[in-house]
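Chains as they are written, first to last, in this note's numbering: chain Z, 11 to 276; chain Y, 5 to 169.
Just so you know, these hints were derived from the structure itself, not from any lab. Beta carbons are placed, not taken as given, at the ideal position from N, Cα and C, and that holds for glycine. Warning: the hint list may mix true and false statements.
[As the list claims (entries may be wrong)] Label pairs and their in silico Cβ distance ranges: (1) Z:66 with Y:145: 53 to 63 Å; (2) Y:43 with Z:137: 54 to 64 Å; (3) Y:167 with Z:16: 39 to 49 Å.
[As the list claims (entries may be wrong)] Here are the simulated lysine to aspartate or glutamate pairs, DMTMM-like style, with alpha carbons at most 20 Å apart: (4) Y:164 with Z:169; (5) Z:39 with Y:90; (6) Z:185 with Z:85; (7) Z:84 with Y:90; (8) Z:250 with Z:169; (9) Z:84 with Y:40; (10) Z:39 with Z:15; (11) Y:164 with Z:50; (12) Z:84 with Y:15; (13) Y:164 with Z:19.
So you can see what is in the structure, the chains are spelled out below.
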Amino acid sequence: MTEHEQFAEDLALYALNVLEGEDRVQIEKHLATCSTCRVELEHLRGDGALLALSTVGPRPPQRARQRLLDSVAKEAAPALAQKTRQAGAPITVGARRSWWGVLGWAATAAILVFAASLWKENAALRQDVSTLRSLFGQQTVELEQARNVASAITNPGGERFTLVAVKAPPQPQGKAFYLRNRSNLVFVANNMPALPPQKAYELWLIPAQGAPIPAGVFKPDAHGSATVVNPPLPAGAEAKAFAITVENEAGATAPTMPIIMMGTGE
Amino acid sequence: MRSGDQSALAELYDRYSSVVYAVALRVLGDSGAAEDVLQEVFLQLWRNPGAFDAARGSLGAWLAVITRNRSIDALRRRRPETDIEDVIVSVAPDLAAAADRSRAAEKVRGVLGSMPVPQRTALEMAYFEGMSHSEIASKTGEPLGTIKTRIRSGLLALRKAFQGG
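Please build the complete structure, drawing on both the sequences and the hints.
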């Protein structure tokens, strides 16, 4: 019997971490000098992995995901704060709205297309983002936001809603791009009639169950166009439809009838 | 991931958390304990992404093994025996896509179903309960040598199912 055959069965037990005592000491000594057995050990672990992967079970509780991300954020924060202090540039969270406001409508569309092509360069982009993150504060925040915007539009998991006027033409039109697992929402509208002063349109996410969720207040520009980008939304809200109502400028917490535009998922 | 990108971790979580949780729950039988192992495995990966060598194989298989080992350690109340850096796992099938993992799982369940019951039992006791061959031998009344042989041939039978295309 060759040495390998002698160790073959013990190697299988060792791969499963259930070999004990003197047997274990012996095989560890052997492994230190035998690459053939080390390779076989990897394959035996793989065989065990196949057994593990065949397990069926319920999904983990929803809260586990956020719990993980919270723990990770706590761990990442000190290093990141240190790096931004070193870079000397403060990160301003409120930059998002002013960034959109500065650009006109046409430039906005170009940015969306550009952001979508950035997103496709997945691995390279991540590397770039993390390099940028440590060097450039403000610009990195904006790049991240462009990615979020693009992901709502281009991710195959994202949902699309086209809203059309409930009554006859002229034809206001809206499109909502929603990526549920990241709560990214981009809404663009055209041909929206002008509103009287002190009134605004409000977008609503209509969940499968429960009350409509406010998803942003907007006023059309002179061309009747408007956008809503990443309004705060409850995590993972499932959208059956989106709808628009007319509200006071400050917005409302519940929709005021009538619903003037509505669309379900495509 | 190597530079600690949180959204990359979130994507890996979305892809593999079901596998990790299912394995932990199978071993521990307790959802709270399984959730703790789930957190621990992903936190370990976050802190030490270099522990998994992407050139050497499937992340799903690696995570399954790490999870099973940590769960057995928790079940048997002992300190982790191996550093995750030392664990290299080689599987034949490509398990990157969920559909491939699903097909592989079906195949494995088929192999287990057609395995002689004493062999399947020995394999599952060792794998999901972390029992040593002497513990299994005591429990089943079978000789030590027989148990050792069953476990090894059981693993090889799984491997064989994925060879030759």
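Here is what the structure says about each hint:
1. Z:66 with Y:145: 53 to 63 Å: violated (30 Å)
2. Y:43 with Z:137: 54 to 64 Å: Violated, since residue 43 of chain Y and residue 137 of chain Z (Cβ atoms, about 27 Å apart) do not stay within the stated range.
3. Y:167 with Z:16: 39 to 49 Å: violated (24 Å)
4. Y:164 with Z:169: violated (42 Å)
5. Z:39 with Y:90: holds (16 Å)
6. Z:185 with Z:85: violated (38 Å)
7. Z:84 with Y:90: Given that 20 Å is the threshold and the Cα spacing comes to 27 Å, the pair is violated.
8. Z:250 with Z:169: holds (10 Å)
9. Z:84 with Y:40: holds (17 Å)
10. Z:39 with Z:15: holds (16 Å)
11. Y:164 with Z:50: holds (14 Å)
12. Z:84 with Y:15: holds (18 Å)
13. Y:164 with Z:19: holds (17 Å)
In the structure shown, a violation is registered for the earlier hints numbered 1, 2, 3, 4, 6, 7, in ascending order.
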